[in-house]
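Residue numbers (numbering that gives the first Met the number 0), protein chains in the order written: chain R, 0 to 610; chain Z, 0 to 359.
You can trust all of the hints, since none of them are fake.
To give an idea of the interface, some chain Z residues facing chain R are shown, with a C-beta separation under 8 Å as derived from the structure:
1. V211
2. D242
3. L337
4. A338
5. S343
6. M345
7. I348
Read the hints as simulated data drawn from the structure, not as lab findings. Predicted, not measured: the structure shown is a model, and the values here were computed from it. Every residue gets a Cβ at the ideal spot worked out from N, C-alpha and C, and that includes glycine.
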Amino acid sequence: MKFQNPHDVKAKTIPGTEGWERMYPYQYQFVTDDAERNQYEKDSFWFYDGLHYPEPLYPFDTIWDEAWYLALSQFNNRIFMVPPVRGVDHRIINGYVYISPVPVKDGAEIGSRVPHFMERAGYYYKNWDALEAKWKVKMESTIRELEALQIPSLPEMEHLDVVTGALGESQGYHLLKNYDDLINLGIKCWQYHFEFLNLGYAAYVFFLDFMQKQFPSMPTQRVTQMISGIDVIMYQPDEELKKLARKAIELGVDGTVCSNPAWTVVEAALKKQDSGTAWLAAVDSVREPWFNVSTGTGWFHHDRSWNDQMDVPLSGIATYIGKLKQGVTIERPTEKVRAERDRITAEYRDLISKEEDRKQFDELLGCAKTVFPYVENHLFYVEHWFHSVFWNKMREVGAIMQQHGMIAEVEDIWLMRRDEIKTALWDVVTAWATGVKPRGAYTWPKEILWRKGVMDKFKEWNAPPAIGIAPEVIQEPFTIVLWGVTNKSLADWSAVQEIADPDNVTELKGFAGSPGIVEGLARVCKTVAEVGQLQEGEILVAPTTSPSWAPVFVKIKACITDVGGVMSHAAIVCREYGLPAVVGTGHATKIIKSGMMLRVDGSTGVISIVR
Amino acid sequence: MSADLPVVCWFEECRRDSVPLVGGKCSSLGELIGAGVRVPPGFALTTEGFRRFMSEAGIDREISTLLRGLDPQDMTALEAASASIRQQIEARPFSMETEDLVAENYRKLSVRCCMPAVPVAVRSSATAEDLPGASFAGQQDTYLWIRGVDEVLHHMRRCISSLYTGRAIAYRANHGFADEEVAISVGVQKMANSYTAGVMFTIHPANGDRSVIVIDSNFGFGESVVSGEVTPDHFVVNKITLDIIDRTISQKELCYTVDLATQQSIAVEVPFERQKVQSLIDDEVTELAWMGKQIEKHYGCPMDIEWAVDKDLPAGGNIFILQARPETVWSKKQQAPLAAAGASAMDYILSGMLEGKKLN
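Same shape as in the complex, but just chain Z (with noise of 0.2 Å):
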């Protein structure tokens, strides 16, 4: 246990090297935040704080012995081990000094965020996400619409119980990770109360073509756009000039909102007249297509970003990036170049008068 490291930190105080203290969700919005991008705020209770819990707690000692002589290809005793591990973090309070660190920023967040008892999304931020296999790092729980420090100190335990699924101490045990060097932290970031969202690839998906960002959106959150329940509205922008080159207004029938009773998401029908109108206005496509490129630029590689616009924000300062994530398959692909090389520009008029130009 070290002295020095943080319980809790805020994101603006992370960077892309805070994996190890805040896992990769929490740092690569530090990141951004570092970036210059505009990210819905929040802070972490970090792995520092994580260790501190389950040491105090006295979880680790118990979960040792849980663990102990568990073979891991009998399901029925893991899902029993689990069960109890998981019940008991759920069970048992945080440190009072934890607990004080944790309300104290979540009291600063919701005057940040001029809310009282801000709704927020409490969520796992694993240190070894990017490790073949998502289960090593536990379920990636999310909870939304969170509100009160009691409940955001409960979903923090709900966060750091997932680590323990039977499945992921199945693949621990399987792959010879000590169950002592797993750490979590957990994000606590205020809710985007998306009046439209959606994604946005700065790559063309369908083609490559990196002159172009791409975004999709719809009305409400962005779960719609990216289950691919709805058709979304389709926008090609260009990187260089920010112009729309081309868009293609759908007709959105179903958006997701909140039911604040069950403090969930619930899918409810688009107003007929409101189908077919624009989700997201010229302005803001332009923004976040500038936005995108910020990101592209910071990363130095083409990107696959989630994004909202906030209604409980004013226009210019309302647009936020949930998440932002290298993209894949484009940049997998080993293309040849078009060149040959060492080819002149009368070569190349020469092979392509020989080629012409394709009709039909």
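Excised from the complex, chain R in its bound form (with noise of 0.2 Å):
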């Protein structure tokens, strides 16, 4: 199937947007100098990575797309030797990424391959649970180094210590260096993050893969009910929230705590009660870890954790406190989820007619069942507990940046690439050692004006699914599973490239996340913020769901969000809640407005708009 090619779509550059490539690595470019790589850019097939990107890229939240660029890449080529694929590529048009899996041609290359892979692959499927423990170490202590890095600020005159310890280095060095500590620790931990996700997910992927050839019909949501954990570290959160909300209710404080929706001032009326102070204390042993969870899904600098934002929580615990006073149970049906779990395994399982295949089925569902809790449990720690504590120290750099007149706003440093900080670092730094006005301070606040001008206008632009030329066969597990790159994924794309006039439109179709069809009023809530509008028994809009938006599924209808696979957040909690959800929708917040009345089928992943 052929797109448009990708030079002929970079080429018609927004106006007022030109020379916006610099805001990108070079290498992120689609090219027309270079013929060798023009050629391979025109004959691969690249998709727009709506999964991870609704939205275009800000320059510096580059750096969690080059790190995995780097990292499922090397895993896949350079570590596991997966033997008929290399990496995935990247390029950029208008701040939207595009990805493009790279096979490996040569068959005797592949078969040289194999044996590495099964020795490889094969050693860490072997020693699954012994090597994610050791994971969880690596993980944990790079999380405390994060944690204990300074941003230091530039003092006037360099405290008297330095002397009298003879340290021999200054705050200037401290902050160049620390900023390099700080962007490594976030390769590293990315590095970390796909050390089990490809296997991970190829153990699924053929899990799927053998369960749909027993049964063409059977949808994936199935198959991932009978291998997802019951007790996922990324439920514990909202598990907090539940024992703050009974907790409030015994100290006799759940009134103030639901007096007002601004944590500042419940916190301030607390203080003044005994009940109110040991609240309190119990809120606090449990912010750390558990209040890094990101309200949206970490990857963006925007996303900001209950501990940056405690009105979140607290609408949370609020909710539970009058789902508790209502004599509505709160807790998760666990008992029940498991139960249908097994029943869905066994029922499946019985309906096997083979032996042979039967027995297939028993080392796929124990091999999928022992890596996926892997799948679940990495995002709590990297994308919400590591990047919630390092979108923050990124702010301590730009408050350095504002002080010294680089930038207007701390929140400017987004729009500058992570190189482009070092080099501005070293402006800043050795303006302050020699007593001079930085260079940057006259130049940056106009370009990082002209950038946000660019990024507006790019957020207008419809970024094509696909574009060049998609191949016969996939053999990448990423692109198979988690872009859900298929027939029919690629002629839905090309179907929504025609969707000429959103305010007409009466039907979308996302994925089937979780079954069930209900009819009710829609409520588009484009963050975590605006859930206090949300009204019981409305149909829920987000761009997606993540852990700290939990408290908002004991209220809802159904759930639509536009970005997503069957196993996202929202479809996992909407499943457990025996809520309909329809998931990956691509631009429900776009299409949908508030009050409008919607039909969700969330089996056949359907929305029909009554207009």
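Two chains, each in its own frame: build the complex with the hints.
This is the structure in structure tokens:
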């Protein structure tokens, strides 16, 4: 299947954004000057990574894209030697990331990679639990290192200790060094992120593949249901809110906790009572690590954590207190979920007619169940815990840049590439040491103002879902599972390009995330901060959801997201609560408006807008 | 003649092993009832009732005389004998005792259905349906919308006479079956006054997927679906969770209904505004699929099922199974297992990776 030529897409520069390429690493550009690279780009298949990036990337946020560009590719191609695939290549057009799996084309080379793959991947599969335990130690020590990292400000005069301790190093040097350390910790954390993920997905993909060959009509969500964990770390932050709700009632402070949506007001009121202080202590005891959970996916600087926005967990606690007072159970129905999972697994197994196939089923199921907890749990460590701390460290860097007049506001730092920040810090530090004004104080504010305008124009652009030439076969496990690249998705993508008039759309399609059909009024919440407007029984329409959204699921009738597959947070939680969900619609939050009457079919993935 | 065998018996008294007494159709209905499946109620005139009728009316002796020395290749003679036998069967009354028993059951059936002189289907239920060559059993005669005990008795005789079509006689002669051994039972079953009806497979007929139940439905009787005269509504239900995973609502231009004057079903046009209306509501789809799952479980193999939603009865008790038989197409296919014997998860992952996922 042929899509638009990438170079043609790129050539249509949005007026006023000329020169945008400098906002991103140079190797991310589709090129016309290098004939060989140009031909490769033309012949490859590139699809827009809308799963991770619903919006154009800010220059700084490109860090995680580069981090996984490296990590996913190296584990596929240089560490585990996955026989038929190398890595996943990346490009950017107008701030949107396009990716392309790179196959190994030579049959002999594929063959020579097989024994290495069997040995290396085999080692991980065989020792999975022990290696995963090691991973947890490595990851936690990386996070601790990050938390301990200081971003020093530049003093008028260095402390006397520098002299008496004969330290021989200035804060200026430490600022430069620690910025490097900060970035390196981020990259390291993403190395670990992929240590298990490629193999984890492979085990899942081929279990899925086996099941769908046995049962061609089997929905992906049912396969996921068989292997999903019940006690997943990602649920823990929400569990803590439930505990705190119960604790508030027990201590008799529930009235105060629910008295105001602003955390600062509630906190001040509680401090005046003994039982209030006791409850606040209980809150403090769980904030680390659980309140590092992000209110978004954690991928972007604007995804703030609960710790950053205490109003968010407070509203969750208040919702749970309300439910408890009405005598509604707020516990997750884990026993029911477990029993249902076991029933489904057994019934599907019984329908497999061949003895060999039942044995293979047992093998693959066992393998998928071993690896799956990692697939679910790494998110909390990396995207939530690590990232939440990381973004705030970067804000400290931004504050120093602001102090020295390089940027107007702390949040402007996201408009700079991480290597530009490094250069700018050199400018700041040398100027500080010398006692002169940094050059960037004149150039950067102007550049950032221009970049902000470019970002606004990028947001208006509709990124085509696919460009280039689709191959006949895709072998890269991530491409298949995470991005759901199939014949059907290719067809849907070409259909998406044709949505001419969003005001007259009456039907939207996404992935069937959780079964069931309901009708109700839409409530569009672009961020978790807007969930306060959500009324009981409405249908939540959100860009994506994360564990910090969990309390809303006891209020809503169904959930629709722009981004995410059947393993996304919204889909998993909706299945637990028995709510229909349609996920990965691409643009539901753009098309649906609050108050619209919707019909959501979570079994087919179709949303009808009653106009 | 055996005195302790019943002349009539209710479907719910029949089981899978009742074929010699009530034939295949009725015993399978009894089996379904025993499995907890809702089928339209009814009763059978047993093979014992059939034998008594044949001997009491003296028909059996006359048949022997008529058939003796007949050349099975001589179609003209065969047809003449057939016409004579059938005319005699249809003209002679049942014994008083048999008439009373049938009348009593028919009255009870009417009471059960809360309808005076309940309309019924009268159909033959042969004892050897599964033998090769359906002609052995005579035509599978079915008479619909029969009301009143006299009409019921009359059509029972017509079913019995179908055992003596020229083709059936010739078949038996050619294959060495003695006519005295032939027996037939007649089923009398409440007409499902179907609002909607159709077929259901407990396996995907297109790809053999055993995890789904596929339902085709249209308004009126199931004939329009079975015959393929309309594109029916189509539902694919997950057998394990009973979710509807796919649906196609088609434009259904015609459906079958009863013409009470002629007691025949006739095709009528579906009013335009209803043509694209879903003919089976979601709750019914789910309930039906649940029934399909129970039937499959009972028989232990994928099934091919005819069903109807009765408009005379309230929701929650109005879906009926009319017929259920093992699915034959996929069950006969010998499929190779996906897995190589003794393959580990790693082996499968590797071979899957090498094969990749085909696009285009």
